[in-house]
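*Asks:* Sequence:
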Amino acid sequence: MLVAQQKLQENIAEYILYMYQIEDVVRAYNFDIEEIIEHYVRPQLPDESFLGQYRQWYQRIINELKANKLEKTGHMPSLNEVMVELSYLHTTLLTATKDPKYLGIYEVASKYIEEFKQKSNLKDKNEIEIAFHAMYMKLLLRLQKKEISAETEEAFDSMRIMLAYLSRGYHKMKSGDLDFLKN
0 MLVAQQKLQE NIAEYILYMY QIEDVVRAYN FDIEEIIEHY VRPQLPDESF LGQYRQWYQR
60 IINELKANKL EKTGHMPSLN EVMVELSYLH TTLLTATKDP KYLGIYEVAS KYIEEFKQKS
120 NLKDKNEIEI AFHAMYMKLL LRLQKKEISA ETEEAFDSMR IMLAYLSRGY HKMKSGDLDF
180 LKN
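If you count the sequence shown from 1, position 149 lands on 148 in numbering that gives the first Met the number 0, and the numbers rise without skipping.
You may find that some hints are simply not true.
Straight-line distance between alpha carbons at most 20 Å, and here's what the computed EDC-like set of lysine to aspartate or glutamate pairs gives [stated by the list, open to error]:
| id | residue 1 | residue 2 |
| --- | --- | --- |
| 1 | K68 | E22 |
| 2 | K6 | E33 |
| 3 | K97 | D176 |
| 4 | K6 | E84 |
| 5 | K173 | D98 |
| 6 | K137 | E153 |
| 7 | K71 | E22 |
| 8 | K171 | E9 |
| 9 | K116 | E63 |
| 10 | K144 | D23 |
| 11 | K100 | E126 |
| 12 | K137 | E150 |
| 13 | K171 | E84 |
| 14 | K65 | D98 |
| 15 | K116 | E126 |
| 16 | K137 | D23 |
| 17 | K116 | E152 |
| 18 | K124 | D98 |
| 19 | K124 | E106 |
| 20 | K6 | E80 |
| 21 | K145 | D156 |
| 22 | K71 | D123 |
| 23 | K171 | D123 |
| 24 | K100 | E22 |
| 25 | K137 | E126 |
| 26 | K6 | E22 |
| 27 | K65 | E113 |
| 28 | K116 | D176 |
| 29 | K116 | D156 |
| 30 | K110 | E128 |
| 31 | K137 | E152 |
| 32 | K110 | E80 |
| 33 | K110 | E153 |
| 34 | K65 | E13 |
| 35 | K137 | E22 |
| 36 | K137 | E13 |
Hints were generated in silico from the structure; no laboratory data involved.
With the sequences and hints as input, model every part of the structure.
*Replies:* So, in structure tokens, the structure goes:
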């Protein structure tokens with residue numbers, strides 16, 4: 000919960016990946032708040048005084064997933080809203096402002112995004128969602144201690160750089176510091 004709040008304020012890309020992981024944790028524990036608290040939260044909790052806040056936070060996530068019939072797959076509407084905003088920013092940087100730095104970053108990443116799209120079951124997703132799913136896959140591979148080839152690492156890195164640029168732009172946009180007319 001505290002990690003999520005910090006990431007939401009500082010790095011929206013890390014926040015999304017963190018929340019994807021939390022959604023999977025909730026599903027892995029079959030939406031059982033007691034199991035989540037006992038086996039996932041408590042072992043990581045440095046101070047028991049936060050337990051009530053964590054319980055409420057996880058319960059809200061459980062409720063949102065269930066209310067939207069996302070027990071098996073999918074992401075919470077709140078994450079999808081951020082994804083729409085990031086997609087809007089992506090399109091704006093490519094077409095309206097033609098941000099030269101972003102155009103270069105995107106040119107490198109786009110071929111890998113297309114490759115990932117063709118190899119996955121994400122054909123109905125936009126490029127930003129595909130890049131996030133690729134980054135999440137990398138996270139899962141790392142957690143499983145699976146080897147990642149140099150070529151795949153290069154693909155992941157290009158998408159990471161693109162998402163990092165978007166993330167910085169997103170925070171500027173939300174704070175009112177991004178002037179699209181200057182780009």
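*Asks:* Decide, hint by hint, whether the structure agrees.
*Replies:* Evaluated hints:
Proximity of K68 to E22 is assessed by CA-CA distance (about 13 Å); at most 20 Å being required, the pair is judged to hold. A hinted pair counts as satisfied when its Cα atoms are at most 20 Å apart, and K6 with E33 does not qualify at roughly 25 Å. A hinted pair counts as satisfied when its Cα atoms are at most 20 Å apart, and K97 with D176 qualifies at roughly 18 Å. Proximity of K6 to E84 is assessed by CA-CA distance (about 17 Å); at most 20 Å being required, the pair is judged to hold.
Among the hinted pairs, K173 with D98 is consistent with the structure: their alpha-carbon atoms are about 18 Å apart, no more than 20 Å. At most 20 Å may separate the alpha-carbon atoms for a hinted pair to count; K137 and E153 meet this at roughly 12 Å. Distance restraint check for K71 and E22: the Cα-Cα separation of roughly 10 Å lies within the 20 Å cut-off, and the hinted pair is therefore satisfied. Between the alpha carbons of K171 and E9 the distance comes to roughly 11 Å, so the proposed pair stays at or under 20 Å and holds.
Restraint check: the Cα-Cα separation between K116 and E63 comes to about 28 Å, which exceeds 20 Å; the hinted pair is violated. Between K144 and D23 the CA atoms are separated by roughly 18 Å; this keeps the pair inside 20 Å, and the hint holds. Of the supplied pair hints, the one linking K100 and E126 holds, its CA atoms being roughly 18 Å apart against a limit of 20 Å. Restraint check for K137 and E150: the C-alpha separation of about 13 Å stays at or below 20 Å, so the hint holds.
Taking the CA atoms of K171 and E84, the gap is near 12 Å; set against the 20 Å cutoff, the hint holds. For the hint pairing K65 with D98, the CA-to-CA distance comes to about 40 Å; that exceeds 20 Å, so the pair is violated. For the hint pairing K116 with E126, the CA-to-CA distance comes to about 8 Å; that is within 20 Å, so the pair holds. Proposed proximity of K137 and D23 is supported: the alpha carbons are some 15 Å apart, at most 20 Å.
A distance of roughly 16 Å separates the Cα atoms of K116 and E152; the hinted pair therefore holds under the 20 Å criterion. With a C-alpha separation of about 23 Å, the suggested pairing of K124 with D98 is violated against the 20 Å cut-off. With a C-alpha separation of about 19 Å, the suggested pair K124 and E106 falls inside the 20 Å cut-off, and the hint holds. Restraint check for K6 and E80: satisfied, since their Cα atoms lie roughly 16 Å apart, inside the 20 Å limit.
Proximity of K145 to D156 is assessed by CA-CA distance (about 17 Å); at most 20 Å being required, the pair is judged to hold. Restraint check: the Cα-Cα separation between K71 and D123 comes to about 18 Å, which is no more than 20 Å; the hinted pair holds. Proposed proximity of K171 and D123 is contradicted: the alpha carbons are some 29 Å apart, above 20 Å. The suggested pairing of K100 with E22 is violated, with an alpha-carbon distance near 33 Å, which exceeds 20 Å.
A threshold of 20 Å between alpha carbons decides the hint, and for K137 with E126 the separation of about 17 Å falls inside it, so the pair holds. Using a Cα cut-off of 20 Å, the hinted pair K6 and E22 holds, with the two alpha carbons roughly 16 Å apart. Between K65 and E113 the alpha-carbon distance is near 32 Å, which puts this suggested pair outside the 20 Å criterion. Between K116 and D176 the alpha-carbon distance is near 33 Å, which puts this suggested pair outside the 20 Å criterion.
For the proposed pair K116 and D156, the alpha carbon gap of about 16 Å is at most 20 Å, so the pair holds. Between K110 and E128 the alpha-carbon distance is near 15 Å, which keeps this suggested pair within the 20 Å criterion. A hinted pair counts as satisfied when its Cα atoms are at most 20 Å apart, and K137 with E152 qualifies at roughly 9 Å. Straight-line distance between C-alpha atoms of K110 and E80 comes to about 26 Å, which puts the hinted pair past the 20 Å bound.
Of the supplied pair hints, the one linking K110 and E153 holds, its CA atoms being roughly 12 Å apart against a limit of 20 Å. Only pairs whose Cα atoms come within 20 Å are accepted, and K65 paired with E13 is rejected, the gap being roughly 24 Å. About 17 Å separates the Cα atoms of K137 and E22, which keeps this hinted pair within 20 Å; it holds. Of the pairs offered as hints, the one joining K137 and E13 holds, with about 13 Å between alpha carbons and a cut-off of 20 Å not exceeded.
The structure is inconsistent with the numbered hints 2, 9, 14, 18, 23, 24, 27, 28, 32, 34, although it conforms to all the rest.
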